[in-house]
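Protein chains: 2
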Amino acid sequence: MALSAGDHGKDSANGLKEKVLTLDTMNPCVRRVEYAVRGPIVLRALELEQELQQGAKKPFTEVVRANIGDAHAMGQKPITFLRQVLALCVHPELLNSPQFPEDAKRRAQRVLQACGGHSLGAYSVSAGLPLVREDVARYIQQRDGGIPADPDNIFLSTGASDAIVTVLKLLVAGEGRGRTGVLIPIPQYPLYSAALAELNAVQVDYYLDEERAWALDVAELRRALRQARDHCCPRVLCVINPGNPTGQVQTRECIEAVIRFAFEERLFLMADEVYQDNVYAEGSRFHSFKKVLMEMGPPYTTQQELASFHSISKGYMGECGFRGGYVEVVNMDAAVQQQMQKLMSVRLCPPAPGQALLDVVVSPPAPSDPSFALFQEERQAVLAELAAKAKLTEQVFNQAPGIRCNPVQGAMYSFPRVELPPRAVRRAQELGLAPDMFFCLRLLEETGICVVPGSGFGQREGTYHFRMTILPPMEKLRPLLEKLSQFHAKFTCEFA
Amino acid sequence: MALSAGDHGKDSANGLKEKVLTLDTMNPCVRRVEYAVRGPIVLRALELEQELQQGAKKPFTEVVRANIGDAHAMGQKPITFLRQVLALCVHPELLNSPQFPEDAKRRAQRVLQACGGHSLGAYSVSAGLPLVREDVARYIQQRDGGIPADPDNIFLSTGASDAIVTVLKLLVAGEGRGRTGVLIPIPQYPLYSAALAELNAVQVDYYLDEERAWALDVAELRRALRQARDHCCPRVLCVINPGNPTGQVQTRECIEAVIRFAFEERLFLMADEVYQDNVYAEGSRFHSFKKVLMEMGPPYTTQQELASFHSISKGYMGECGFRGGYVEVVNMDAAVQQQMQKLMSVRLCPPAPGQALLDVVVSPPAPSDPSFALFQEERQAVLAELAAKAKLTEQVFNQAPGIRCNPVQGAMYSFPRVELPPRAVRRAQELGLAPDMFFCLRLLEETGICVVPGSGFGQREGTYHFRMTILPPMEKLRPLLEKLSQFHAKFTCEFA
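Going line by line, the protein sequences match chains F and L.
Counted from 1, the first sequence has number 47 at position 47 by full-length UniProt numbering; the numbering is strictly sequential.
Counted from 1, the second sequence has number 147 at position 147 by full-length UniProt numbering; the numbering is strictly sequential.
Treat the hints with care, as some may be off.
If several chains are the same, the list does not tell them apart, and a pair holds so long as it fits within one copy or across any two.
Calculated lysine-lysine pairs in the BS3-like style (CA-CA distance at most 25 Å, straight line) [unchecked claim]:
1. Lys291 with Lys17
2. Lys476 with Lys77
3. Lys58 with Lys476
4. Lys57 with Lys483
5. Lys169 with Lys342
6. Lys105 with Lys77
7. Lys17 with Lys169
8. Lys391 with Lys476
9. Lys391 with Lys77
10. Lys483 with Lys391
11. Lys58 with Lys490
12. Lys476 with Lys57
13. Lys58 with Lys483
14. Lys490 with Lys57
No wet-lab data here; the hints were simulated from the structure.
Chain F extracted, bound-state conformation (with noise of 0.2 Å):
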């Protein structure tokens, strides 16, 4: 009755089947996909780590996870009322329990009745819990001077990734020359580049201004548009601001510029705010583009379609393993929006305690609150700290020949340019590596700190970049910042 095996396989000698899914075989999108700052260099962070614990001999005696904004693992401590509120909702028999103010069991109870059997464990609707969206509205009015927002208009997700691709997946379409194309910032976050590979659609090049604190030049997104259409269709434009890895905050000017570029050229609007808390620079400020945009009036008021990406894994709250965020749309299609809904239904619902977090993320302690004080004197703390250490990346890498450092104005990173001798950038090509991957690992091998090289998100020809983190306590900066300074100057020298 059974067909006998191999009438519809490979056999090799041996007997042994071929696998069915092999990288052969597989999905050549999810194959191209990149994503660096998970990436090679990682992966052997974690295996020295692993060695170290095992008792094995290193020029250094712990590996400094300088790769990826993560707060908390970088020993920054929970917002006290953050965590009572959740530790309530989370578990219901505390609401009688002294240890926990009475602000944060109103808050706790509030975020209860809005779920299901008024358990976290239930299902929320698809785009999130009302009440929470309600909330987000509330501070997205407060935020942009009173311009309304509509909570139908916005959709809680699992981290502000889950939403970008989420809108990504809804904008690719077509094939050929037909296919649509995305620009994105170079230097990018990759999960841009990643997302994209993965969809198929086009990747749009746009060069930030190195040489003026990378900025964003309309002129640029000219050029790279003129010469995508050749190829494809560019329908979508992606603009991170606080830039990251690059650190840059976007004047509003430039912004309104951004906006009447989208408008005349029909592109869609994606805007990454997920750093909008981290603003340090002396004059900089975080403008939203959805404030903007209604601010410039119509027709880019009525017309221009815009999505807005929040996060509760960044600002001063760090929350990054609880994935929560969510995605503010402008303009969008009635049709559309009914579709992103339907999409979104398919995985049922973002994590509710995730969900719950974004709430009180939105909505703090008023002044008049039992929490208001530590919560504000906690919040302060963790941003002024990161202010510090922003400027003080800048003024240790800028102190180092080799190595210059544009101010990080804002967000978590800083993203030097480093020269590397030609030997350097030879070796590194007889290694098949990028010369700044090659740069990134002996750093690592030699010192234990974990940066990304800049070719994981994109760089002028010629040029070498690493992205850093600026989270490490303060107490661990400085001589990291010096640690690193030091092995450029002797890799320099080696390969002089």
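Here the structure of chain F is known, so what remains is to put chain L in place on it, guided by the hints.
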């Protein structure tokens, strides 16, 4: 400098530009996605709830959402120990509180030790915390009578859905007649059809045998495969056991036959086993595909590729909102497994609270632990009540003329077949509705009972079904079943 508006866009007479993203320009694969469990009938249920809240008069006083397997929303209480451990992880200050048992504290400390910065707010590695993966491996080994499981083959996920889609993504390739075909049961859980539509893979239907309590028949698999080979390249076989929406539990013999078939036909096996704790019928027992595969010996044991999925959303815990789950892969090509790891890293990590809950689920209190008695009592109470409700559902439905319900051997749903009078079928067709959608919509409007039409899961042409969860509390379930049966009788009269 700027191009004038309209150079690249179609402008309508009133000066409005067409939107960039419309139903016509959006991703056509996303447009084809359908997801009945949260489809139009559920949106209508939400509207009805709002109308009731606003004081509208209806022939019912509450909407009962029997459309989705959401235990907590139906009033099931969380398992105390799970929530104790999680509350301690969320707010470690509670580790000093006398309110918590020692074993809960020990478990929480163990999880926190494994987290970056000892915080659930840190990202984990993308495959999930190594500690949790080791505990999952031990759980599987114990479940499978000692057959070993390797933590490196276990990937944690954002609910089982996430892992299922990830594995499907790897498997999808080819164009035209070379496109990957994926065999799925009919009736199916619509995640599968939705994911295949989105990924542009070919859905290949094989029918479960309603006359034999929804048994899976290898002859039917063979028929489906033969026909599919004319127009695609079938490479994947999905099995749901215990069945959703059909509630059958597969025999060991059946599983062996399926594995043999998959091996002979070179199909990658995907075993959706999220209901493995939910087996009620006497004589039924859960057999994991992994265990059966390993007991069959070579070549199956060493060559057949398998991915098995589990979740914290179902079972006795019902923690859907936390989005926790895992996949174990067996005999997967090592290079592909690295690709899977890479793909998962783009989304950073599964939610840490879900990972922590999963850890407790796979290693519950031992008999010597202080929390053992309460944990067992709560767990047994949930499972015993589900078993009673499964039995009651079958009984009441089978007493109703025109309704026929197979035994609910496992999972959380009944999928009864309903006779619909020809005049009702014609009326539905006039309205452009599937006949069972018409029935379910009328049921909702007149009784407040929300169930999902069989057409959303797939069924043999000319037959009609609906899926109803067995989750409403006992005291509500009997009247609900009777009300539904009475409505069917009335509906049958109306269209006689």
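Hints versus structure:
1. Taking CA atoms no more than 25 Å apart as the test, Lys291 paired with Lys17 passes between copies only; the shortest distance there is 21 Å, against 60 Å inside one copy.
2. In this homomeric assembly, Lys476 and Lys77 come within 25 Å of each other (Cα to Cα) only inside a single copy, at 16 Å, whereas the closest approach across copies is 46 Å.
3. In this assembly of identical chains, Lys58 and Lys476 lie within 25 Å of each other by CA distance solely inside one copy; the values are 19 Å within and 66 Å between copies.
4. Taking CA atoms no more than 25 Å apart as the test, Lys57 paired with Lys483 passes inside one copy only; the shortest distance there is 19 Å, against 74 Å between copies.
5. For the homomeric pair Lys169 and Lys342, the shortest alpha-carbon distances inside one copy (13 Å) and between copies (19 Å) are both at most 25 Å.
6. When the C-alpha separation of Lys105 and Lys77 is checked against a cutoff of 25 Å, the pair qualifies both within a copy, at 21 Å, and between copies, at 20 Å.
7. Taking identical chains as interchangeable, the C-alpha atoms of Lys17 and Lys169 lie at most 25 Å apart only when they sit on different chains, with a minimum of 23 Å there against 36 Å within one chain.
8. In this assembly of identical chains, Lys391 and Lys476 lie within 25 Å of each other by CA distance solely inside one copy; the values are 15 Å within and 63 Å between copies.
9. Taking CA atoms no more than 25 Å apart as the test, Lys391 paired with Lys77 passes inside one copy only; the shortest distance there is 22 Å, against 51 Å between copies.
10. Within a single copy, Lys483 and Lys391 get their C-alpha atoms as close as 17 Å, which meets the 25 Å cut-off; across copies the closest is 69 Å, which misses it.
11. For the identical chains of this complex, Lys58 and Lys490 are intra-copy neighbours only, at 18 Å inside a copy versus 80 Å across copies, given an alpha-carbon limit of 25 Å.
12. In the homo-oligomer, the alpha carbons of Lys476 and Lys57 lie at most 25 Å apart inside one protomer (21 Å), although the nearest pairing across protomers, at 66 Å, exceeds that limit.
13. With identical chains, the CA atoms of Lys58 and Lys483 are at most 25 Å apart within one copy only, with a shortest distance of 15 Å there and 73 Å across copies.
14. Only within a single protomer do Lys490 and Lys57 lie at most 25 Å apart by alpha-carbon distance; the minimum there is 21 Å, versus 81 Å between protomers.
In this structure, every one of the numbered hints holds.
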